Each structure stands twice: as structure tokens, then as C-alpha cells.
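Asks: As they're listed, the protein sequences go chains F, L, D and X. First residue of the first sequence? That's 1 in full-length UniProt numbering, and the numbers climb one at a time after it. First residue of the second sequence? That's 1 in full-length UniProt numbering, and the numbers climb one at a time after it. First residue of the third sequence? That's 1 in full-length UniProt numbering, and the numbers climb one at a time after it. First residue of the fourth sequence? That's 1 in full-length UniProt numbering, and the numbers climb one at a time after it.
Calculated from the structure, these hints are not laboratory results. Mixed in with the good hints there might be a few duds.
Note: identical chains are not told apart, hence a pair may lie in one copy or across any two.
[Said to hold, decoys possible] Keeping only pairs whose Cα atoms sit at most 35 Å apart, straight-line, the calculated DSBU-like set for lysine-lysine is:
1) Lys-349 x Lys-165
2) Lys-257 x Lys-363
3) Lys-158 x Lys-240
4) Lys-54 x Lys-363
5) Lys-385 x Lys-103
6) Lys-54 x Lys-175
7) Lys-165 x Lys-385
8) Lys-143 x Lys-175
9) Lys-103 x Lys-257
10) Lys-158 x Lys-58
11) Lys-143 x Lys-103
12) Lys-349 x Lys-22
13) Lys-158 x Lys-143
14) Lys-349 x Lys-257
Every value quoted in this text rests on a predicted model; they were computed, and no experiment measured them.
The primary structure of each chain is shown beneath.
There are 4 protein chains.
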Amino acid sequence: MSDVKKAVLAYSGGLDTSVILKWLQDTYQCEVVTFTADLGQGEELEPARAKALKFGIKPENIFIDDLREEFVRDFVFPMFRANTIYEGEYLLGTSIARPLIAKRLIEIVNQTGADAISHGATGKGNDQVRFELGAYALKPGIKIIAPWREWDLLSREKLLAYAEKHGIPVEMKHKQGGSPYSMDANLLHISYEGRHLEDPAAEAEEDMWRWTVSPEQAPDAAEYLDLEFAQGDLVAINGKAMPAHELLAELNRIGGKHGIGRLDLVENRYVGMKSRGCYETPGGTILLRAHRAIESITLDREVAHLKDDLMPRYASLIYNGYWWAPERRALQALIDHTQQTVNGSVRVKLYKGNVIVVGRDSKTDSLFDPTIATFEDDAGAYDQKDAGGFIKLNALRLRIAANLAARRGK
Amino acid sequence: MSDVKKAVLAYSGGLDTSVILKWLQDTYQCEVVTFTADLGQGEELEPARAKALKFGIKPENIFIDDLREEFVRDFVFPMFRANTIYEGEYLLGTSIARPLIAKRLIEIVNQTGADAISHGATGKGNDQVRFELGAYALKPGIKIIAPWREWDLLSREKLLAYAEKHGIPVEMKHKQGGSPYSMDANLLHISYEGRHLEDPAAEAEEDMWRWTVSPEQAPDAAEYLDLEFAQGDLVAINGKAMPAHELLAELNRIGGKHGIGRLDLVENRYVGMKSRGCYETPGGTILLRAHRAIESITLDREVAHLKDDLMPRYASLIYNGYWWAPERRALQALIDHTQQTVNGSVRVKLYKGNVIVVGRDSKTDSLFDPTIATFEDDAGAYDQKDAGGFIKLNALRLRIAANLAARRGK
Amino acid sequence: MSDVKKAVLAYSGGLDTSVILKWLQDTYQCEVVTFTADLGQGEELEPARAKALKFGIKPENIFIDDLREEFVRDFVFPMFRANTIYEGEYLLGTSIARPLIAKRLIEIVNQTGADAISHGATGKGNDQVRFELGAYALKPGIKIIAPWREWDLLSREKLLAYAEKHGIPVEMKHKQGGSPYSMDANLLHISYEGRHLEDPAAEAEEDMWRWTVSPEQAPDAAEYLDLEFAQGDLVAINGKAMPAHELLAELNRIGGKHGIGRLDLVENRYVGMKSRGCYETPGGTILLRAHRAIESITLDREVAHLKDDLMPRYASLIYNGYWWAPERRALQALIDHTQQTVNGSVRVKLYKGNVIVVGRDSKTDSLFDPTIATFEDDAGAYDQKDAGGFIKLNALRLRIAANLAARRGK
Amino acid sequence: MSDVKKAVLAYSGGLDTSVILKWLQDTYQCEVVTFTADLGQGEELEPARAKALKFGIKPENIFIDDLREEFVRDFVFPMFRANTIYEGEYLLGTSIARPLIAKRLIEIVNQTGADAISHGATGKGNDQVRFELGAYALKPGIKIIAPWREWDLLSREKLLAYAEKHGIPVEMKHKQGGSPYSMDANLLHISYEGRHLEDPAAEAEEDMWRWTVSPEQAPDAAEYLDLEFAQGDLVAINGKAMPAHELLAELNRIGGKHGIGRLDLVENRYVGMKSRGCYETPGGTILLRAHRAIESITLDREVAHLKDDLMPRYASLIYNGYWWAPERRALQALIDHTQQTVNGSVRVKLYKGNVIVVGRDSKTDSLFDPTIATFEDDAGAYDQKDAGGFIKLNALRLRIAANLAARRGK
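Next up, chain F with everything else stripped away, as it sits in the complex:
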């Protein structure tokens, strides 16, 4: 264990990563660099600096970075171009943040001359995989310290004892048993796992949810939004252009107010077990519906179907931690290629948990042509008689097979 000289730790400033910080110093006798990212989780980050200093971290070894814009622009939005959902439900709010953290950890490794990274993800979850696959893909010789897989502090009690022994401040809530949930938040979502949710038959408690009101508590009046897209990405809300992360924050604010984006599901982890998770993704839920709607008038049918066929695979890649893998990049090349024409606007109505698409329009790229689709066109763009041949040839193989079956008395 003595071969690590300097480790960059993904440090939130909370109890767990503070214990890890101390444990790294003691066990590996190594210099620790802390990295704290603002991904829009809605917490003050400066306290992390003060805590790190108390552990003797050198000021130049404390990194606190605002990654919000990069996060939404280069990770969330590219993912939404594919209408990505995992297992039919999950919008991948946690999964999509991990590759950015891995990237930044390695950048700091390169900048500080560190030889290892460390993180607070447990040995049972997906996040360890996502962090570490990303780190290995970006720096193949990196050493990775995953304390939860190494140490013996495998219960809440042992962790608290270690903290007290080493003078690490423990907040009252931890002493009282800690939060009833394991949570993760960033600009795309907040998630809840564990404890009270371990029985998949039991309804989540109302006071668990933090970002959204319940549909029951949402306003009685619906609200309409006009969402404008350029090359598949959201660029303006109600005519107001903003940077990517501000757009998503605004969608979160409005969606949360209307009780939008709660999700309660059982998902399949990459490490092999099922787990129950609850998620709030207000902005993402609106964005997904709206993106599909703008694609519905601007994408060719077969391109849309190709994307739909590939989407579950793309979603699994992100869920499993393969953002930085070449197969994800290859799929992204296809997806991005298709988004050139995805330009226009979508009108959605938000009401007590509902996201209702009520209109979609594209001045430049609409493939919707009412003169062809409707019953009585007769401009001659479409000759109904053509359909006879179309059906006849598509039926030919079925007829040949049926003829054979008939001859054989089947």
C-alpha cells in the first residue's frame, strides 16, 4: 500500500469522504488532493475547502470546480439527443455525471503529478464502475483506491467510531442514524436509495422527495412553455436563450413546481443485483418529451427507428460506465449526425405531474406535409393507387408461404 505518493480524492466534504480522506492519509501515508465539483447539486462547496484545510491539505491541493455548464453541454445534452432512458424508465441522472468527474480527476492527476485517485463509492454499486472505467480509459496506468472495497469500516457504526476517534466532526443527523436514504444530486436529478426503500412493495414516503412538490400540491393552473431546439439541443425557453446549464436549471425550477419528474423503480445494476431507486428529474422529464416531439416532425422515419433500436444499448453503455469507451463514441457519431435537422420549437403544457406536448413546429426542417397526409389532398403528390402495388409486393413472401402451407394441407 505504500507505493502511492499522491492521491486525488473525489471529496464532497461530507462524513464519508472525510473519513476516507483521513483513512488515506493514515493508511497510504500519501499526500491527498481534494476535488470537489459543482454539478448543480445545490450545496455550498466552500465548506469543503475549510474541512480539507483542517485535514492538513495544502491550499494548492484543494480543487473546487464549477462544472455545471460543461456537465449539461457536453454530457447531459448529448445523451438527450438519443432520447436515452435505461430500462424504459430511468433518465440516467447519476450515470451521466460520473464520466465528467472521472475526466476531471484525471486532469487534476496530470496537473498535480498524482499517481492515484480515490472515491467514496461502495463495492456494490454502479458508481465505482463508472468512476474507474472512466479513469482507466483516460489514464490506463492510474492507481485507484476504493476504500469501501479495502477497509473494514463496513457498517455505519464502525464508520462513526472511526470518525470520532480521529476527530472528524459528525453532524447530529448522522448520530441519529443518518439520513434514511442514500442520495445523489446534480443538475439533472436527485436520487434516493436504501433504507426505507428496500422493500420494493412499499410506497416511498412523501417527505422523501426534495425537488418536486407532489402533483397534489402543484398549482391548479397549468403552465405552457415554448422550448426551442437547435441541432437537437435545447437553446431557449419561452424565447429566452441561455447557456445549457441555466436552461436545465430553469426547467428544473418550473418542473419541480408542477410536480413533474418523480420516478420510483427497480433497476438492474451492472454489478448484478436489482435495486430500488427513486428519482426526481423535473427538467429532464420535460426535455425528453420535448426532444422526441421536435424529432417527430424533423427526423426521417427510418433514422428515428434506427435511433430507437440503438437507444437501449446506448443507455446501457452510459449506465454501465462506458462513456469514455470507443463504442459509445461511435454511437455518438451516429446520433450527432442525425441531429443536424432537429431544429424547431415544441409547446408543452405542465400540469400537476403531467408533461403534455400540445404543439411542435419547425420553420426550416419540418418533414410534416399535411397536403400529403390528409384524406383529400388531390394535389397529386400521392397517388392512392400506388398503395395497391406497395401492399402486393410486401405481401408477396407471405402469399408464397401461405400457398405452400395450403398445398401441404397445413
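Put chains L, D and X on the given structure of chain F with help from the hints.
Replies: Same frame as chain F, but now just chains L, D and X:
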């Protein structure tokens, strides 16, 4: 045209198919057999008999069949085993009824010794394809008469003139311009197309919707349902077992009351154009969510992902009219094979347009094991250290590639 | 029929297209532009000019173009980047030439101010689809005249009678019953269909084959070739760089000498029937094997598998005539993206019909690392103990399911 | 380590597994049960019994089973129904044997009351994964001892030293450096890896190959075979019905004589690295070609394409060791469903390494109809004019897009 002796017509009793009936008699000089199906569209069918008699159809040539149970049991439920949705949104309510009508048309052809079938679907839509592919697959030598592709009554005015000339009763609504929408209904859904919906940017009018109240008008109190599944099919609601079609009707009733299942979208037709459609699928919307939920605890991860990967293709097959094609049957063999363990119950909460899964349970087939998934198991079922090797080997190819890139200074 | 003023005809100079030329002049009373392409089919093209002049075609309306380089560089090679084969066997030699002809037809339409194109493909084959889908995709308002679907010259006898009546020279072979096969040739292959091949149980006759000797007649000495690839495309043979079409011609020459690339199969046409075809693709057969071999050391596993999963779909798109469709372009974006690292050389041995890959090497992009793969590395790049964790976690879902089954006594 | 009481060892009788046997006895102090399978590898198995007895294994703990028929009937043939090839080349000869060995190991565990299994696969290869995934899927609580991942005998020298120290007989070839290749054989194939093959650029040496003559040494006269299939499985050769394993053995004999089935490739292992392998699969190579050929006339186009689309995934499942996983079973349900009509016979010509399909026929299930496919049918089964409508509607989306592009001046 004189080579048709007896044609079975899919006959609703409405204006269009009445005109077709007359037109067939006049143009083909053939005997006409009428077939009217109860698929749960919620209309009286006996008036169709009276009308047919007026056209001189022999009583033994008038078929009025209640197909509701067969429809839900053998078509709707098998489709829902695959969590089928077309283009991310549409629950295929119209598509799934067509193969049953085709099957019954051919059965009546065989029973009556007819040599042709006829239907009222236009030359621009999907339904002509679905009817005809089904008919050809089941009776390859069948003659098919699609009047909309043959005649010159290609406007509402011409149709009305023909009706009046031939003494076909025209209801007031038709004289006043007809319904503003083209509609189709069965136990799974009701659909709206055309007229007011031809501008995809314009919101549908509230008074269009027939089966559901608006979320705004739905009750202020949520309602919970317990849905029980056996081998992937719904078998009971709140503990009460019913035949398939009664279950779906009950879900429609409850869902409609709570404003559930409205959909407004632009879809890609098989014949090549985009079209705007609005749908109400209250029961199906609940069923889809609940089926995914029971699968979430009873299906293996890779089986679930395989199903997700194949679902869009399966949906397109049904949408395009290939229910009776061998590739649909082959996919169904796979899907049905996976449903053996899909047993258990799901609890959903319905509230103002929302279907919220709040719990899922399976006494016999749950693969959810909280002792493995949770943070502090320590029963030893899962050794966190294993994750290190898992990640290392999954990362190996990424590291080799990164090493190569590093050596090349990329 | 009188609304066509000028039609561009894909004109080979042979009997069929000469009859079409005359028939167009007579039936449509339109000016005809002839287009004859050199795709490496190995025939003199200048006689086509003389014949066209005899039909009164103006010199400026006669186009004879050498498209060989464009054909191989922009169509054949991009297709081979995907290791494309249709239905497990066919290398798509005919299919890949059609989109280029369609493109050039439309270019000539635009250049000459024509309003229609015409071609000699029959109404039963794939080529009509390929020509016409391409033409419509590139010029949506183009008129297309497909004489075989319009006229009544639907037998060889009628065609010959028409030719004689109009003074079109008929070669002796046609009078004697014509070639026993319908053939098509270009730099990628020559194909044979029809007549003697209509019984799929009957062996093709030895004297049918034109480009290759039989394996029995091939040299007794094997020949080795070194094939060099850059970004997935062949760039040199035995160290000698050449333009794309010369490389393929050289591979054809060598492959043909060694009896390589004969194929006898039954394929499924897009228009719905099965047909028997025989093909000689000597160069393409070598190229396919070699391309796979260079990919085997330069492509990441998951990228290679992604390509393999998508290949049949990509092959069907090309077979069915969708080269110019947006979904083909989207797939090409993915495929081309993956070829950046496909650089290196492959050594093949050719012997009496066999293409044997005996070595592959890449100075810059090899992901093959013998120190990791072999039994006794011990440089520590790979810790065998990691495999235990890898297996354990991959087995977890299987074990949970087996535990459940055991508890239930299954 | 002391918690294992009785272990079932996959025992070949060779040096490696003999060392393992001794090592298990010494290290785990456990009773050892030996299991030696006849999979058609062509070696005497009784010597394994004598050796086991020398190690003190009780006679009732020595299992020597002839699994040849089960192997071919229940594993090889089902796999060939899918036309399975991994990475475009490899016929999975090793992969497909492992699940049967895993199954038999667990059967013997259950029969003898053992609590562990052990095998001689290394920590770098795929076979450890295949054995262990199979074992875990069939008996989730089984203990698995993989000596190569545990012990320190990680070089040939250490292994030999251990053998000599414990009186394990070492054959001369091992003392002289051992075989230059790591080999595996069963009725489907023989494989070679390692040593001389570690340079992927170097040609394999001629004297490596054991089952086939070189094409150069093969007879100068071709040989024809008639292969009869029933429901997708080979049932007779030249009219002679035999059990599955005898059919494959016969194909191996004939194929080997004609130099058929050699393969030299670089493959991607599941554990993450590339490796070079050479294979001889004479019978399988013939079988694959013939099975595709019989499918070419008996399978519907879309069913065949569905199978082609899924094949790479199915191949990866088998390669990676997931034979006993539910997703493989689900795919098998689909595959087997499609084979009901795959009945008939195929004629192949074998000549110096070439397998040439020259004819295919099915009395009962041929979908090939020359009256439809050929140029001059005119029985009216196919109306060429239908193709116009078919093309028009398939082109519609392309034309709409092209119109839009034209309007925008693109």
C-alpha cells in the same frame, strides 16, 4: 371487375361503408356479405344489421360478432407482454385490432364461399396495409377490393352526392360537414386524426376527447389499484379476477375517470408520410406501466434488455401490419418464453393524468434480494472485493487502447 | 404519356436498351439523352455512341463516362469498411453500382434540362428499386419511365420482333435464344441469373463462369499478397500504391487467376421473391477477408461487435436501394468513425479458391499485446486473480435466479 | 481453504490436471472426484482412470463419460441452427463444449455429495468464465477452485518442478519444452494457441495442423456430398441417417481429407485482450455452409434477416459462457421456432479447402418459386406494374425530404 362473385365487407353501418356496400353491388355486381365486429368500440351493432337488410343483404350473409374477449386475450395482451410502444409514444391501439378483423374476414370468406373482401380504409393510411397483409397471409389467393383506391369519390362532397343519389341515409352531422375528426375505437383506445389536427403546432381542442376527462377535471382524490399478473398477463384488479376484456374495460373506466392516457403526437406511417394523431388509451397506459413494474422484479436483467432491444422492431411489425407474418410469430415465441416468471402484483396510484407505480411484489418469482443490494449486507452473499476484478477486466481493453494512444502521443 | 420532353436513358448499347431507346422515341415522342457508364464491366463503350447516333441522338446528348475510380473509392470501399455481406453470402456487387448510376443520371438530367429518366431494369428485380429510390432521393420531382413495367414486350420473342420491325440490329446470339443468363458486371463482380439457374437444385455449368478459372484449373503454386490499409481502405498491394479502382482491378486479376470468389446462392429480393444467383467477386472476396483481418488487431472488441450487429441492416439497406437514404448515411457516419485506427497490413495466401489470412500487422494501431494474452506474462499487466471477481459479479444474476428456482423446487 | 470436503475435478489425465489433482489433495486436504469426458477429442480415456487410481482416487470417484452424442445433439446442433459465428470467423468449437462439461460437473457434484468443483483453465482465458458461469447458474452455492488463479505455479518450470517433486510422471515432450501450442479438441474442432502463434503477423507452421491436410495435399478429385436436414439439423449424409455425433465425425473425416476448415484469426476474449488462435473445424465448416443453403430456400426473408441480426449477439453469449443464462434460452426459443420448416437437402462439392454449395432442394418446404422470380412468368402471379407503387411509396419519405432540402437551397 366482373370476376368477383361474393365479397365480404368489413361493415360498420356508417356512411362510408354503406356507400361502399352500394358501390360494390353496383360496380362489381356481386353478392355482398357484411361483417360487423364488436371490439368494444362502444357502439350499438344491431343497427348495422337493419341497414344491411335494407341494402338487400341476405340475413345469412350478415355477420355481427362479439370479438372483445379474443381481441384482448389473443392480441392486446400478447402485445403488452413486450411493453410495446411505437416511436416512443404510441400504444398501437388501432394497429392491433386490424389483424383480428383480417382473420375474421377470411374465416367468413371460407364459411360463405366468398372470393373477395372489401374494406373502407383509404389509400393513404396504414389500415389498408394491415387489413390486406393479414388477408393475403391467411388466404393468399383472396381478391381484395379497396374502393378508396379504385373509385372517384375522392371528396366528401362526391361521397355525399353518391349517397343521396342512391338513397343512403345521411345523418345530419355528415351534412354539416361531418365530424371534425376521423376516429377509430376499440377496447384499447380511441383515436383522432385529420381536420383540426392537421397543423401539428396547434393544440387539440378539449372537446375532442371522448374517453377521458381532462386531468383538470379529474377527481381531487387519488385512487390506488392492485394489479395482479400471471405469466405476463393481467389477471385481476384489486383481487377480482375477470376475463381479459373485462379487465381492460375496467381499467379504461377507472383510467378515464382520472384523466389518464391522452396522447398527442406526430407519427410516421408505413406508407411514407408523417401524420398527426391524438389517442386516448386509459387502460393501456396503466397496463404498460404496471407490466414494466412487475417485470422489473421478475425478469433477469439481460432478458429484459433483450426484450427492450427488440421491442421497437416488434412494434414496427405490428404498426406496419405484419401480425400474421412469420417474423412476428418468431419474436412472439421469444417474448412469450420470457413471461413464464412474470407473476406477481403491482400497486399503482392514479391521480389527475398520472399513473404512479408505488409498489411491486411477487411471492413466487421475485429476483429482488435486499440482502444483496443494500449497503450493509455482510451475509457474505456478495464480496465487495470482487468488484475490483470485475472492473479491472472490463477496463482491460480500454487500458490497452489508452496505452497505445499514449505511446503514440495522441 | 406526352408530358415527357427529354429523358435520360441508362444505355448500355445492347439489344434491350436499344429497343427501349426506340420505344421511348416512339411512345413518348421525347428527346432522348443516352448515358453509358464505364464501371469496369470490361466492354467497349464507344460502340454505344455509334449506335446512339444511328437512333438520331444528338452528339451533345450522348454521355459516356468513366466512373471507375469514383465507383470504387466512394461506393465499394465505404461499403467494405462495414464488412458488408447480404444474407451471409452475397457481396452486393450489383447493388452498390446502382446508386452511382442513379446519381449520374440525375446529374445529367440537371445538366441537360431533362425531365425524366429511363432504365432497362425489369419489374421483378431489385435494380428498378435501386435506380428509382436513388433518383427520387436526389431529385424528388423526377419522372421515371420503366418500360418493362409499361410496355407489352414481355417476352423475348416480342422484343426481337419489335427490334426487327424497327431495324434495330440483333446479334446472332440473340437470334439463337440469347445468352443463357442475365448478367451484370462492374469492377466488383459479375453476376448470372435466370434460365439454366432457375432450378436451385441444379449445379451451375462450368462454362458459365467468366472472370475466374475453376479452383481445379488454378495454378498449383500458391501466391502471397501483402495488402496495406489506411483508415479501413485498401491503399497498396505488395507495397505498390494505386488508385482505388486499379487496386480492385489488380485484386480481380490475381483472384480470378486463383479461382477465388465464385458464389452460388439463393437470395431474397426486396420485391418479395427468392431468386438464384451466381456471382464472381474475386477481388472483393480477398478484400473482405483482409479487411476483417486488419480490423481484428486494430478495432476495439465492442466497436467490432457493434459493427457486426449493425452490418446485416446496413447490407439490407444497400441491397434494397437505400444508399441515398438518411439512415444509410447515419450508419456510414458510425462506420467511418470507427475506421480511423484501421491501419496496417495483412498477408494473404491465395490457392485454388482459398483466401487464407496468414498474418496481420499494424505498426501504429495494433491493440494486440502478447504480453497480456499469453500464459506466462507476469509483467503484472494482468492479475489472474481479477478474473475471480469478474466471474463472480457476472454470475450474480444467474446465482440469484438459481437460488430462487431451488427454493421453489424447480 | 479447509472448508472444501469433496471436489469434482475436470480431469484430462494430462500433466496440468494431474498436478492440480495432487495440489488439491495437498492444499485443500479434500477428497477428489475426477471427471473425464469423451467429447470426441480422439484420445484414449482409460489411462486417465489408471492415473487417478495412482493418486489414490477411489474407483467410485472416477467418472469417465462418453458425452459425444449429447454434445453434438444438444449443444452443437442447436448452435448451428443460428448459423453461429463469432466475430465473422470463429465457429465456437471450444466455447460450445464448456457448458456441457459444467453441466456434467454439477451432476456429479449432486451425485457424489461434493461441495466444490475445480478445473485447469487459466486466469487469462475464456474457459474459466464458461466453466464457472455454467456451474454457478446450475448450482449457485457451488464452491469453485481455479488453481491457476490461486497457486504460485505460474510458469512451466515451476509446474514441472512441482510434478517431479510429487512423483507425477512427466512425458518427454513436456521436459523438452512441451508442445509448442496450447490445444483443445472435441468433435467440433481442434484449436491451437500460444507460443509460436503469439506474433499475429507470423504464418502458422504447416506441421501444427492435425485434423486436416493442407489444401495442397488434398485429393485432386472433388467429392460431392448430399446433406439432409430436418428441422434445421443434419440427419443424413448421402442418404445415410446416423446419430448426431456420428454425422459430425463423418463430416470431419471427409472434410479433413479435403483440407477444409482451417482458420487463423485474432479474436477478442471476454476477459479483455486479443488473442491469436488457429482452428480446424472441417465438419462444422461444411455444416455451416449447408445449413445456410437449406435455409436459403425454406426460410422467409424477414425471419432469415431477424436471425442474422441476432446471430452476433447469440454468438457472443456462447463465446462468453452464457449458454445456461436465460437470455440464451430466450434466443434459442426464437431460433428453434424458426427451424420447423428447415427441411430438405443440400449438395456440396468439396475440393482442396473449398466447400461449394452447388444445389439445394426441399420437397416439403421450398419457398423458391421460379414462376414468380423469372423474367417471363406471365402466369399472373406477379404484376410488374405493382412495383411502381411499391417504389413510389417507399420513396415518399425520401422525396419529401429532398423537396424540403431543395426549397431550402441545400
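Asks: List in ascending order the numbers of the hints, as given earlier, that are violated by the structure.
Replies: 1, 3, 4, 12
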